[in-house]
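A.B. asks: These are the residues of each chain, in order.
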Amino acid sequence: MPKVDRKALKKYISVFTISFQQEFAYRVNFIMWRVRNVMQFFLIFFLWDTIFATPGVNVFGYTKAKILTYVFSLILIRSLVLSTRSVDIAPEIARGDVSNLLLKPINYFKYWLTRDIASKVLNLSFAIFEAGILFILLKPPFYFQGNILYILFFIVSITAAIILYFLLVLLFSMPTFWFPQQSWGFMFLLLVFVDILAGGVFPLDILPVGIQKIALLTPFPYLLFIPTEIYLGQLNYSSILGFLAVSMIWIFVLVYINQKVWNSGLRAYRAEGR
Amino acid sequence: MKISNIKNQNAKIFNKYDYEFLSKFFKSVTTYILTVNRRFIYYFKLWLFMSKNAFLVYILDRFSFSIFLFGKVMRFLMYFVFLYFLVKGTKTLAGYNVNQTIFFFLTFNVIDILAQFLYREAYRFRSLIISGGFDLVLAKPVNPLFRSLLGGADLIDLVTIPPLFVATYYVGSLLNPTFINAILYLLLLINGFIIATSFYIAVLALGIVTLEIDHTIMIYRDMIALGRLPLDIYKEPVRSILTFLVPVGVMISYPAKAMIGLISIQGIIVSFGLAGISMFLSIRLWKFALKKYTSASS
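Going line by line, the protein sequences match chains A and B.
Quick note on the working numbering: the first sequence kicks off at 1 and runs consecutively.
Quick note on the working numbering: the second sequence kicks off at 1 and runs consecutively.
Each hint should be verified, as a subset may be incorrect.
[Unchecked claim] Lysine-lysine pairs mimicking DSSO-like chemistry, simulated, CA-CA at most 30 Å apart:
(1) B:LYS235 <-> A:LYS213
(2) A:LYS11 <-> A:LYS110
(3) B:LYS91 <-> B:LYS72
(4) B:LYS292 <-> B:LYS140
(5) B:LYS140 <-> B:LYS287
(6) A:LYS213 <-> B:LYS88
(7) B:LYS45 <-> B:LYS140
(8) B:LYS27 <-> B:LYS45
(9) A:LYS139 <-> B:LYS45
(10) A:LYS7 <-> A:LYS104
(11) A:LYS213 <-> B:LYS72
(12) A:LYS213 <-> A:LYS139
(13) A:LYS120 <-> A:LYS260
(14) A:LYS120 <-> A:LYS11
(15) A:LYS120 <-> B:LYS72
(16) B:LYS88 <-> B:LYS72
(17) B:LYS140 <-> B:LYS291
(18) A:LYS139 <-> B:LYS235
(19) B:LYS287 <-> A:LYS139
(20) B:LYS140 <-> B:LYS52
(21) A:LYS120 <-> A:LYS139
[What the hints assert, rightly or not] Far from chain B, by Cβ distances over 10 Å, these chain A residues were calculated:
(22) VAL15
(23) ARG36
(24) ASP49
(25) ARG85
(26) ILE106
(27) PHE129
(28) PHE142
(29) ASN147
(30) ILE151
(31) GLY185
(32) ASP195
(33) THR218
(34) GLN234
(35) ILE257
(36) GLN259
(37) TRP262
[To be verified] Facing chain A, from chain B, some residues (calculated, C-beta under 8 Å):
(38) SER64
(39) ILE67
(40) LEU86
Don't read these hints as lab results, they were simulated from the structure.
For glycine and all other residues, C-beta sits at the position ideal for the given N, C-alpha and C.
Bound-form chain A, shown alone:
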């Protein structure tokens, strides 16, 4: 068993605690962010509720219980996968503030991953509360997954999605080394891709097969769509294993690309503004 470096662990626990407290320092910001999430949920929920208004209807291979479970699960899965603090990496590079962290005896990537985890824990706890309230108010039919194997696959896919999103944010932050003025531009592009290809508004399988196939070649459906589909039992075991393999491949590819881009980025880094 690998030996746990207690000293290093203590460092990251401190980063986690400080980051957690920082989120509370801007309470209005945080509450507004959660309000936005609930509003986005309303549109998607009522849209699907209307489509499945006729009892027993089956559209795009979904029953009402399954599609509304999809929508409800998104509240929790979004907060777990898409909540992040590492979006601050790009403006940090643009301001030249990245130098501060590079000089400290701390791993830059682990530092941001720890901050991401703090953000996820906080957002998830609020999301559970919101989902509970909305569930009581809207009383939707809910699909409970009873198959333990599916639940295990779901946990694996969520873990892969969290890592994948962290790597994507990192990748889209790094062009700032070369284009310090574009710190928000690349992140905006990432958010657009996530918005349309991750399945946060609609399950991708309502689209024509050709578009679905193209979308599944990108890393984005593995963030929200595939984990939710696994939970709902919409996929058979071989498809699940196939999709998990693709997300693992994406993780390896992104780790490799990120390492290359980070190294050449540091060479181009001019600590502008310092």
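Once you have looked at the hints, place chain B on chain A.
C.D. replies: Quick look at chain B alone, frame taken from chain A:
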């Protein structure tokens, strides 16, 4: 004295006063129109000047312009494709067919993008408030609301407006509207834009009072995004809240319904009334907020 003479004398006196009153009245009206006209030209020239400066920033930074334009167009197209395949697969959405549903979506975009094009400066307002830079705006011989709202038009949105208008016109013509329906659509669209303007003013006012604007403006965007689809998809009381309390329905759904011929005369009267009330309240809120401005950190 004869009665007829007294009558003539009274008429002369009356005519004299009448003439003086009328000449004064017309003089003041003409002066008022000329002043308003002069003010309008002054502000229009200012707007052109500020917009030109804002456009120059984009032209200098073409790479950034391309990224944002690509992202916006992609998001629009993908949502369009999703709606098309969704309603095609289900045949109707809350009783509306594909063209009608897409027309709701396009109407939402017309109001949203037009407001974003004109009021982009609102997104930069927070930095003015927290840095105290708003002092400089207040010191200038320009209405601070005008400067804060219309101080920098967005070139990216301007580029997307012509194709959006063409698409809206095309899909609208597929609905076979009558002349009256089309006129009502245009009037209610302007009305919806007035409500959008009052939302932006309210957001700016809240920005001064609470120093929080980025999320408030995004909440406004999320709120009006609820009108992206016909409000008939929402259940009560959400539908009524969205129609009258947060008049997203009046802003977006009512113009589209007018085009389809589904709006009543009461609906039209309520729409204009709500626009008037929301504009009145937002201006009051802005005036209140200006009094609360503390000029912190300047």
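A.B. asks: Next, verify each hint and record whether it holds.
C.D. replies: Hints, verified against the model:
no.: 1; hint: B:LYS235 <-> A:LYS213; result: 35 Å, violated
no.: 2; hint: A:LYS11 <-> A:LYS110; result: 10 Å, holds
no.: 3; hint: B:LYS91 <-> B:LYS72; result: 28 Å, holds
no.: 4; hint: B:LYS292 <-> B:LYS140; result: 19 Å, holds
no.: 5; hint: B:LYS140 <-> B:LYS287; result: 17 Å, holds
no.: 6; hint: A:LYS213 <-> B:LYS88; result: 20 Å, holds
no.: 7; hint: B:LYS45 <-> B:LYS140; result: 16 Å, holds
no.: 8; hint: B:LYS27 <-> B:LYS45; result: 27 Å, holds
no.: 9; hint: A:LYS139 <-> B:LYS45; result: 56 Å, violated
no.: 10; hint: A:LYS7 <-> A:LYS104; result: 15 Å, holds
no.: 11; hint: A:LYS213 <-> B:LYS72; result: 23 Å, holds
no.: 12; hint: A:LYS213 <-> A:LYS139; result: 35 Å, violated
no.: 13; hint: A:LYS120 <-> A:LYS260; result: 28 Å, holds
no.: 14; hint: A:LYS120 <-> A:LYS11; result: 19 Å, holds
no.: 15; hint: A:LYS120 <-> B:LYS72; result: 28 Å, holds
no.: 16; hint: B:LYS88 <-> B:LYS72; result: 24 Å, holds
no.: 17; hint: B:LYS140 <-> B:LYS291; result: 17 Å, holds
no.: 18; hint: A:LYS139 <-> B:LYS235; result: 13 Å, holds
no.: 19; hint: B:LYS287 <-> A:LYS139; result: 43 Å, violated
no.: 20; hint: B:LYS140 <-> B:LYS52; result: 19 Å, holds
no.: 21; hint: A:LYS120 <-> A:LYS139; result: 26 Å, holds
no.: 22; hint: VAL15; result: 25 Å, holds
no.: 23; hint: ARG36; result: 5 Å, violated
no.: 24; hint: ASP49; result: 7 Å, violated
no.: 25; hint: ARG85; result: 16 Å, holds
no.: 26; hint: ILE106; result: 29 Å, holds
no.: 27; hint: PHE129; result: 19 Å, holds
no.: 28; hint: PHE142; result: 18 Å, holds
no.: 29; hint: ASN147; result: 28 Å, holds
no.: 30; hint: ILE151; result: 29 Å, holds
no.: 31; hint: GLY185; result: 4 Å, violated
no.: 32; hint: ASP195; result: 6 Å, violated
no.: 33; hint: THR218; result: 13 Å, holds
no.: 34; hint: GLN234; result: 17 Å, holds
no.: 35; hint: ILE257; result: 19 Å, holds
no.: 36; hint: GLN259; result: 24 Å, holds
no.: 37; hint: TRP262; result: 21 Å, holds
no.: 38; hint: SER64; result: 5 Å, holds
no.: 39; hint: ILE67; result: 4 Å, holds
no.: 40; hint: LEU86; result: 6 Å, holds
Consistency with the previously given hints fails for numbers 1, 9, 12, 19, 23, 24, 31 and 32, ordered from lowest to highest.
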